[in-house]
Each structure stands twice: as C-alpha cells, then as structure tokens.
Amino acid sequence: MSSFSAKVLVRSRKLTSLIAHCCLIHYLLCTLSAMNLRELHRHLVVARRLDEEAIALQRQGVLPAYAPMKGQEAAQVGSAAALDPTRDFAFPTYRELGAAVALGVDLVGYLASHLGNWHGGLYDPMASRFAPFNAVVGGPVTHAVGWAMGARLDGTGGVALTYFGDGASSQGDVHEAMNFAGVYRLPVIFFCQHNGWAISVPSERQVAGGSVAARAEGYGITGRRIDGNDVAEVYEATREAVDRARDGGGPTVLEAMTYRLGPHSTSDDPGRYRPLAEERQRAQDDPLLRSARLIGDEEFLAEAESHAAKVVREVREGLLALGEQPGEEMFSFVYREPTRALLEQQRRWKESADAQ
Amino acid sequence: MSSFSAKVLVRSRKLTSLIAHCCLIHYLLCTLSAMNLRELHRHLVVARRLDEEAIALQRQGVLPAYAPMKGQEAAQVGSAAALDPTRDFAFPTYRELGAAVALGVDLVGYLASHLGNWHGGLYDPMASRFAPFNAVVGGPVTHAVGWAMGARLDGTGGVALTYFGDGASSQGDVHEAMNFAGVYRLPVIFFCQHNGWAISVPSERQVAGGSVAARAEGYGITGRRIDGNDVAEVYEATREAVDRARDGGGPTVLEAMTYRLGPHSTSDDPGRYRPLAEERQRAQDDPLLRSARLIGDEEFLAEAESHAAKVVREVREGLLALGEQPGEEMFSFVYREPTRALLEQQRRWKESADAQ
Amino acid sequence: MPSEMVTERVTERGTEATEFSLQQAINLALCHACEDDDRVLVFGEDVGRLGGVFRVTDGLQAKFGEDRVFDTPLAESAIMGMAVGLALAGWRPVPEIQFDGFSYPALDQIVNQVARMHYRSRGTAPMPITLRLPSFGGIRAPEHHAESLESLFAHVPGLKVVSPSTPGEGYHLLRQAIADPDPVIFLEPKSRYWHREPFDPAAPVPVAPVGTSRIARPGRHATLIAWGAMVSRCLQVAELAAEDGVELEVLDLRWLKPIDAEGLAESVGRTRRAVVVHEAPLTAGLGAEVSALITERCFDTLRAPVQRVTGYDVPYPAGPLEDQYLPGIDRILTAVQTVLEYRRG
Amino acid sequence: MPSEMVTERVTERGTEATEFSLQQAINLALCHACEDDDRVLVFGEDVGRLGGVFRVTDGLQAKFGEDRVFDTPLAESAIMGMAVGLALAGWRPVPEIQFDGFSYPALDQIVNQVARMHYRSRGTAPMPITLRLPSFGGIRAPEHHAESLESLFAHVPGLKVVSPSTPGEGYHLLRQAIADPDPVIFLEPKSRYWHREPFDPAAPVPVAPVGTSRIARPGRHATLIAWGAMVSRCLQVAELAAEDGVELEVLDLRWLKPIDAEGLAESVGRTRRAVVVHEAPLTAGLGAEVSALITERCFDTLRAPVQRVTGYDVPYPAGPLEDQYLPGIDRILTAVQTVLEYRRG
Ligand SMILES: Cc1ncc(C[n+]2csc(CCOP(=O)(O)OP(=O)(O)O)c2C)c(N)n1
Ligand SMILES: Cc1ncc(C[n+]2csc(CCOP(=O)(O)OP(=O)(O)O)c2C)c(N)n1
Ligand SMILES: [Mg+2]
Ligand SMILES: [Mg+2]
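Residue numbers (my numbering), protein chains in the order written: chain A, 17 to 372; chain L, 17 to 372; chain F, 105 to 449; chain P, 105 to 449.
Here chain A stands alone, though its shape is the one from the complex (with noise of 0.2 Å):
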C-alpha cells in the first residue's frame, strides 16, 4: 500500500458515523483509480509558482495589484479537482488562482482581471465551468444556489461548488444561500477557505461561535471542517459532498482551516495588524512540503518543478503579450445588442478618443 493510501486509511478511521465506515471501500476504489496524488501535488506546485510569479509582477509595474493566495493551496487545488469539468460548475472569489489551476482554466485568462485588462477576468466562463472572478464578497455564494437548481431541474447530475471566506461568512447572502440550498436539497457545496482572516480582522472576531462548517446543523445539512493544508484530506472530502450532492443527497458546507500566509493583497501591509512570528509559524505547516513528504520521489518532486517553471514562463509570456482592450469592449458587451443610446455615445466616445 502506498504511503498515500495508508494516508487515507488513517483519516478514513477519523469518520465514525456509520455511512462513512460503508462508503470506505468505495472511496478508497475512487481514490486509488481516479485520483493521483502526483497529479494534485503538480497543480499546487503550478499554483504556488504562479502566485509568486504574480507578486514578482506586481513588484515590477506589469500587475497594478494582486491578491496573493500563498498557503491556500491545497485547499483550493483539492477542492476544483474533485469536480467533473464536464458537468460541475465552480464559483471563484478573487483569490481563486489555485482552484484555476486544476480546473485548468486558461491562466492568461485568469491573471488578466489582476492585470486591469478586464474585471471578470478574459477566460471564458461557461466553458471553463469557472464563473467569472467575482469581487463581491459573499456575491457568487447564492449564484451557485440557483445553477445547482438550473442543473437538477437538467437532471445533469451537475453539482455547484461556491467558494468564500470566513470573512465572508458574516453576509447575510451565505446565510440565505445555505437555507435556500437547504429547503429545496440543492446539489450545491459551500467551500469555506477559512484562512484566519479578512483582511485585518481575525477569524475570532468574525465567525461567532468560531466555526463555519457548525453553521451547517442550524440549516439541516451536512457541515464538515477539515484540514485545509492537506490536499488529499481536502480532495476526499469534496469527492464525499459530491457524490452525495450528485446522489440527491443535498448540499455540504466544508470548512478547510487554512492560513493566508501573504497579505490581503499586494497593496496591504499585515505588520500593521498580526505579528510576523504568527506568519512564520504558520508558514511551516506548508500544503506543498506536505504533499512533497507524502510523495517523497525526488525526481517526481523535481520534475513537478520543472513543469510548473514551464507554466509560468508561459502564462507570464501571455500576458506580457496581452495588449489593452481595445475602448469599443467598453459598449459591445453591456447587452447582447447595444442600445441605440450606448452606439451613440460609442460613436461619440470614438470621436474623441480619435481625437487625441
């Protein structure tokens, strides 16, 4: 048995409600066939190498501002790889890179939003089953509600995974979105990154109560914390709420404790608000040296390297390339046929843009 799959044991020995002693066999069938490891740890790599990249960016005038997501990894890499692309259908926040990743979202795309080139970022939404960067926060959680309806009423055996945050948490939206999901059974997960805080403010003064996933019993569903730094644990337990939101089983709040190792973002500086020791600290439970550890091949350590600095060269080549939107994109896509009004001040909008 691989350390991997004794891995799984373990923390399979960890569930003690009677479904999960049944569904053991199977997940470990699900786990050792469609799932790799290797696979998961090469997509953290991709994402840890392309967040520094993005810092490096910013740092030289190319991205006027990042939101690093340095620690969070694993949680977003296990979590977007244990949806089917063909039929589930993800919902991002503004610090989604990792979950990009191993969507396999296009990276240029992705990163275009931080470039300034475009809000919602220049990837293709519907068929990347990634909807576009949201900036709300708390936005996007009822949007996976209502998809997760659109896909049962398909009958597609789609699921919805919505992520957010524990600062997030305290919107009324993510209340009303786990009791619609509730009342009507959605296929929908709510995929909490509970990174111990938002912006300055610590989870503690937050998340009453201090547990996100303890929300879940209030709704009658299923509310389950795991390990956020641990993308096998983080991946099993997405597969287990998909499974059961694919089977009519209803919807799953996880909440994947985890830390935000950077600041908020580029323009932020923690030192004002937590101590550097409890970064420093945090920053030794790393989901990629975990991951690593569990693997221990060397070569194939290196190899995910090398494939990740490929990535990078090309995803930084891509947007270096990435030339402004041209000023008409401004009009063209404020409704499926501009109104008669927005081509007139398009063509006015043209007249002085010509004239300078």
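Everything labelled a hint here was simulated from the structure, so no lab data went into it.
Mixed in with the good hints, there may be bad ones.
[As the list claims (entries may be wrong)] Pairs of lysine to aspartate or glutamate residues, derived as EDC-like cross-links and limited to a Cα-Cα distance of at most 20 Å, are as follows:
(1) 366/L - 139/F
(2) 167/P - 140/P
(3) 366/A - 340/A
(4) 326/L - 55/L
(5) 366/A - 426/P
(6) 366/A - 434/P
(7) 366/A - 344/A
(8) 366/A - 427/P
(9) 366/L - 427/F
[Claimed, not checked] Now the in silico label distances, taken between C-beta atoms and shown as ranges:
(10) 434/F - 169/A: 13 to 23 Å
(11) 194/F - 123/P: 52 to 62 Å
(12) 122/P - 405/F: 52 to 62 Å
(13) 404/P - 143/L: 46 to 56 Å
(14) 291/A - 306/P: 33 to 43 Å
(15) 287/L - 424/F: 23 to 33 Å
(16) 306/P - 244/F: 50 to 60 Å
(17) 194/F - 334/L: 51 to 61 Å
(18) 141/F - 424/P: 39 to 49 Å
Keep in mind the model is a prediction, meaning the values are calculated, not measured.
Heads up, the beta-carbon is just placed ideally off N, CA and C, and yes, glycines get one too.
For chain A, the structure is supplied; the task is to place chains L, F and P with the ligands on it using the hints.
Frame of chain A; chains L, F and P with the ligands shown alone:
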C-alpha cells in the same frame, strides 16, 4: 403553593443545565414577587379583544387593513412583560399588538398605523421603549444589536429584544445580526415567533433544518425553543435571557412555537393555502384558555374580560376620534429642520391644497 | 374564480377580444411565456400555491408544476442571486419581488451581479432575467409598498426598465421583456391591476422595438410625458383640457431604460411644450432625465422650460396624505398652464 | 509614520497651516469630532487596528479606545443597521463602508431605515448618522471599487449627501456632517486622498450652511459644475481655457442633497452657459437634476442647453479603459466649446 408556582417548578425541572439549576431559587423568588400570572392574563385578554376589535373595525371600513395576531398573544405578552421598561427596549414588526399591550404602549397610537394615519404609528417610540412599527421583514433585527451595544457602552444594564417571524429568519439581516451579537456578546434577545406561516409559505419550506433556535449554536450563543402558547414559560424564558444579558452573559435566541390562527392580514385568504382543519385543530391550543385554566378563578377571569372591554372601548373611541394628519406633517419630519427646497415644496403643496 | 384564472384564460388563447385587467393580462403573459418556452421559470415569495399577493401568478403552479413555478423562502437577495445562477445554467428566470420597497435587500445582486454578469463575462454568460416588481403607489398600502424605483434602476448600466400602463401593454411588454436576452426590470403599476380594458391577446400587433415610447393620445399644444399609473391620470387631464380647447399629447414613455429620446424630441418638437409627471420624489427622479433630454434636443423649439410634476422629496406617506403626495389632476393642470402661458422674460 | 497619523496631527490642533492630504484632513476631522463629542463612534470593516484600507481612520483606535473605534464583521447591512440602533440609544455613529460598490448590500438599511426613522417616528427618534463612503474612480481599482452612487442617494428623502473636493473642504464638511442631526452620506473622492494642500484646521472659517455650493474659481463665460474629484479636473480645464481668454467659473456643488439651486441659478444667471461634469453614467445621473434645475430657473437667460459630460452608460471599466470612461479634459473642453458656440436655430 399556588397552581402557578407549582407550574413554575414543573417547568423548572425541564431545565437541565447546571446554571439553570443554580438560578432556580432566584427565579422562583422573582417569579413569585415581581411577576403575576394574573397580570399577564389581563394583558392576554386585552390583546385578544383588541385584535378582534381591529378586525371588526377593518370590516366596518374604519381600518383599511389589519394584521391579526390571534394565537400569538402569549408569545408577545410573555416576552414583553419580562422587559424592564425603564431601561430595556423592544423592536417590533407589524404584528406586535400583544407586545404593545404588555409594554403599556399607547394603543390608539399603535393602531393608528393600521388606520393609515402614520406609517410608524402615533405613539412616542422613545418614551415607550418600543421602536416605531416596522414593516420590513427582518429590518429591525440589526437595530436591536446596535441599541444593545449602545446600552452596554452606557452601562445602563439595558437589554434589547427584537421580534421577528419564521419567515424573517430567512433574511440575511437576521444572520448578520446574530453574528454581530455573538462576536460582541451583546445584551440582545432574538425573539422569534415561529407561527408556522409566512403569508402562504409554511415554515417547513422556509426554515431549513426546522428550528431557528438551533441556529444559535452556530454563533456560539444560547438558543432555546419554547412553548409560545404558554405565557408563563415565555415569560420565564425571556426573564432568564434578560437576566443573562444584563449580567454580561451575551445574547439569546428564543424561538416561541405558536400559530397564526388568522389570515396573514385582512386582505389574505388562508383557504387558498392551508386546510381549515389545521386552523381548527391549532385553535384548540389557545393561549388564553391555557392561562385561564391555570388561574381557575372565574371571578378574576370575568374581571379581566370587563377590563379588556373597557380598554377596547377606549381605544375604539380614541381611534374614531383621530382626525387625519395635517398635510404639513409630510414635510416637517423628513429632517430635524426642513431644508430650503422642502419648504419651497411645502409652500407649493399648500397653494395647490388651498386651491381645491 | 381567481384560483382558476390561468386555465380560464388559457382556453381563450387566440379567440377574441375580452375585457382584461392588467393583473389578468400579466397572468396570461406569464402563462403564454411558460407555454412557449419551457426554460421560463417563475418564482418568488408566495407566487406558487397562493398565486401571489396580487394573484398575478394565479393558477400557474397548478398548470406548470412546482418545478417551473415555485415559492421561495423570504429573502430577496437570494431570489435574485438564484436567478443569476439559473440564468448561468441556461434557464430564463422570471422572479417576482413582492413589493417595490423590498427590492432594496436585493439591490446588491441586481446592480453588482445581474446587471453586470453579461459584461463581466465578455458576453458569454446569458442573463435573460425579468424581474417583476409590483410598483408605485395609489392603493393606501403600508410603508414600503408604494415606492417608485425607476430612476435608480434606469441609472444602472446593463439593466433595461419598462412599465406598462394598460392591460394590453402589460401583456405585450412582459412577453417582450421575457423574450429579451438582457435583464429587464418590469415595474407593474399596482394601482392599475384591477382596471379592465378590452384586449385580444391573439391579435397581431406590430412589435415596437425595445426602447420605443407610445403616443397614448395625440395633441398639439403640449406634451404630457408619463409612465405606469400616471399615464391614465394624464389622459384624464388631457380630457379635461380638451374641454377648454387645449389639445394635450400624452406620451407613454413605457421604456425607462433605454429611454426613447428620439420619440420625446419628435413629440416635443411638434408641441414645443412639455410636462413630465411621475410619482417618485422630485430630486434625481427620472423626470430630471426626461427634462434634460428634451432640453438638449429641443432647446430652440421649446417655448417654456419643461415642467416636472412629481412626488415631493418626502418619504411616501400613509393614508389620505397619499392623495396629497401624488401628482393630482390639479397640479398637472397648473403645470400645463405654466408651459402654455410662459412668456420669455 | 502612518500609524501615528492622528497623534502627530492632534498636537497641531490650533497651531498653523500645514500641508494636508484629503486623507489626513478627514482623519483629523474624525479625531476632533471624537474629542469634541464623546458620543461619536467610528466603526466599519478594518477601521480599527488597521486604520482603514486607506488609513483614513489611522491612529483613532489607539487614541480613543476599542469602545469608540472598532472593527466590525464583514457585513455592510448590519453595519448600517447597527448604526440605527446606536443612534436610537443616543450615540452619534460614523460608520464607514469600505468602498462605494459595497454600499448596495446596505441600501435596504440606508433607504428603508436610516433615511426614514426620524420621519417614521414623527421626529422623536434621533438619527445623526454620518456614513463615510470612499467613492468614485480614478485609481485603477478592481470592479466595484470605483462607483458613483450620488444620484441614487440624492433621490432618497431623508438623506443628505455631500462630497468634498479639497483637504480643507474634507475637514470642514465632515465636521459639519457629523454635527448635523440628520443622516449624511459623505462621499470621499478616493482619487484625491493623497493630494496635499496647505490648510489650517484651526483657522476660523465662516460656516456655510448645509446645502450651499462654493465658487471654486470665478469666471464669466460659462459655469462648470462639478463635485468630488471632478472639481480639480474642471479647474484644470478652466486654467487651459483661460489661456484662450475664456473665463470659466467652476462651481463646486459640494452638497448633492440638498442641492444649492439658488447658487446654481445665480452663477448660470451670470454666465448664461453651463456644463455639468460627473463620473457616474449619464442616464439618470445627478447631471440630469442639475440640468433640469438650471433650465427651470434660467430658461430665459440660458444661451445654450446645459451640457452633460459624464461617464458612459456602461459598467465602470477596468485598467486603461477607465481614462476613456471618465470625463477627460478634452471632452469637457468640447462641451464648453459647444455652449460657447451655440446659436439658436
Ligand atoms: C461586499 C464586500 N464588502 C467588502 C469588500 C472589501 N473586501 C475585499 S476582500 C475583504 C476580506 C474578505 O475576507 P475573507 O472572506 O475571509 O476572504 P479572504 O480575503 O481571506 O480570502 C474585504 C473586506 C468586498 N470585496 N465586498
Ligand atoms: C423584506 C420584506 N420582504 C417581503 C415583505 C412582504 N411580507 C410582509 S409579511 C411577510 C411574511 C412574514 O412572515 P413571518 O416573518 O413569518 O412573520 P408573520 O407574518 O408570520 O408574523 C411578507 C413576505 C416584507 N414586508 N419585507
Ligand atoms: Mg479570510
Ligand atoms: Mg410567521
């Protein structure tokens, strides 16, 4: 021992937590001295008869519309009576006649809202410790949280109590309010009247998980479901929550299980969405009959009825005597001092009013 | 029998002109939209079993089932957020928010999500949502049940906004709104719900493009501009003025976004005088936009400054004060007199 | 050292004119308001320990303690709802919403509660809330961080709305807003936060009543009307025009509710030509109200229709497109040319 204090003992045995047991003596003392089932019953009867009168007045065309609270008298009276009107503050919805009765709010002023004289009613909310009539479902819940913080900052020992329904529990604001109250551990009571219906939607299709009180745990705050048709239980539970809040023990969610015996409002026809049999069956658990049975003193009960009849007569006369509000009032309360533009609009309004 | 409104009417499809109230016409439009496009979904608070507090969705759940027509929990933000998700999943959502004043809790979803998702996604995400919103005053309702939000919605890029003034308009504009690929806010003048007019839903009508206004009554001395319930009030005013030989044109703006600037300029270009009437408060109301558009286009022909007859800058009042708040016939006539008698200083 | 901004400045109270940025001036106004009235409370997301994402509340928590200056959980509706409750308990809340675009989740509380509680309570409930809202664009921010909501707020009876254009204005208008007994929406032009100007907070200033505008630069050929960040842009335009002998008056509207209709009429009565400039989209923007007010009052003297130079009717764009979206110097100059060269047809 009177039958009522015996009942208190019985109820008390239901309390299993250590704290509850320690408080028993204290409660019995409070209960026997400060509280009086007879007084509560008098409020119940006033509320019931006035509610009936309001429906009659609506049928007679005096009130344009009315939202009956028949069946919810015990929940409202029991909770409001547990407040200290010298330092606490209640935040009603649009269906809180019973609470207004128990708090001694000017009832003509309260019903003036249904009469269509003034949306917020004509009573003085600050002096009455009863916020203006609020028609936004869930709207006042966060106000109670802010008020509670203000009271704590002032060290008055004041407690805020906010009313809301099973339907309102779906609103994002209710979640935000509970989370804030939990984070700051504020002296506020979230008093849910779970009356089974939000207009035509039964609470099974409204409240995922079935219980609003169960949500409290997710915020790390005390939650308790109580028999909302038992005025003594409601009083005691609220008293307990008020005492805890005053002592710095933080917020409480109380879920009073009751039933809206009438239509949502006089414009509503419950026959369209619920069987008459359900109403009939639920009507048997009448909060007034329950307290009357406990009191058992026919003479007193008759006296309570004649007291209520007197109040009803006075309120009816008061309502009929109310003139229309002068048109100037449209302008004079918008700001503390009317703006120049508003004075100009008032002048024009006066011209056109006088011309007619 | 109200609970059979849809089934009753449905049998009439393609028969002959009957008297319809606005409420019935909208009910019928919803029914036909559901029949013609099985991606249409109708949902909101109390729209299912009850058929809506105004019975506008009456009978639809019985006819189309609980999947297509359903009640939601009491949360307006989630209603609109769910609409976004359903649209992304390829459905055509027709949510209702029960009353105008309760659209505020949903405004974040409406402005930050519904109105922008198509733009944000560079035209890839479909967003054919029609939000039905019983609107405006005039029925002595409680607080928050008589609000006019059109200027707010009209300010938001990505939204379209429309309000019908008659049963026939209600039917056709709602069908047009639901068929439209963009999000449309459909403001139903609730004070007109019960007003009946003959109307044949099967009669072929020339489809006016989105954003075109309608001359409800032609005239040549001045143009009254209105929408929703104020159209019939302006028609009354025109009737009265005609007795004095004053021929007022009544322009039913219908689409409040995009606004028919050309139609306004055409009418006022002829009449050279304009009065705009709305229920919303004066300041930053849509009357200001109408006034500015007209002035920008007809500065030379205008014989008097455009007059605005509107609600006052006060919260919508209760009871009998609502008649004093709303633009009354006298106030409109006074404004007409002002534009007719205006002489440049 | 930014973290000592308040303490540093506080020692200067009543000393002499120094260079202040708008961000510092507002910080100082908050500090003095907290000193002068111990019922003032400052709260919002990240305003405490961090001192706000723009450092506008920097140092306040250290100086006034965690009771007076505190962080809230991330929920805008509850922030405003809490403000209502605190006001009812006799406090003077000065909440911050972190960015313009995130005020939508709080709009229900702002419109249905904050703006109406005084009215609803027949003048008995005090509601002296000042909502600070970093606003407008120009800093290449992410989506929702560059919105202009003034026409929406100005439409709501019961609210007052103000936006400063300079550090000195920022200081005095915020102190006036906090002292005002009514709810005030205080729109801070974030693109001007770092612009420094000499200003002496202790210098005695004649207090202009709420609702009065300010002539930022006198002129006689046309009036440019603006607020917030657009005032400095209009001053640039006036500078350029002056080179060609065109003397433009720049009117800083400041109060967007109540609007200074008299001030507008006075200025345009003299110059006979007006251009209004704002960042918000054109349709139903506050420029329409300004245009209508001017036309209503100056119809006879106006030599050309009031021109509006505004954002387009599109969602606020990203990156370099923002310069194309915002009213630029050239677009404003073109409008000036239009009003100057206009000849009646
Ligand atoms: C509705 C809303 N309010 C405020 C903001 C500003 N803001 C952006 S991120 C953020 C903190 C979010 O914290 P959390 O949800 O924990 O996510 P994290 O940043 O930790 O990934 C805030 C306050 C926003 N984007 N949306
Ligand atoms: C925000 C909001 N949405 C919708 C309404 C319309 N409405 C009034 S009462 C009601 C049902 C409320 O149900 P519940 O909270 O259970 O209180 P109850 O009426 O049972 O007392 C609805 C939908 C409203 N007043 N406010
Ligand atoms: Mg976080
Ligand atoms: Mg209820």
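Review point. Which numbered hints are broken by the structure, listed smallest first?
Key: 1, 10
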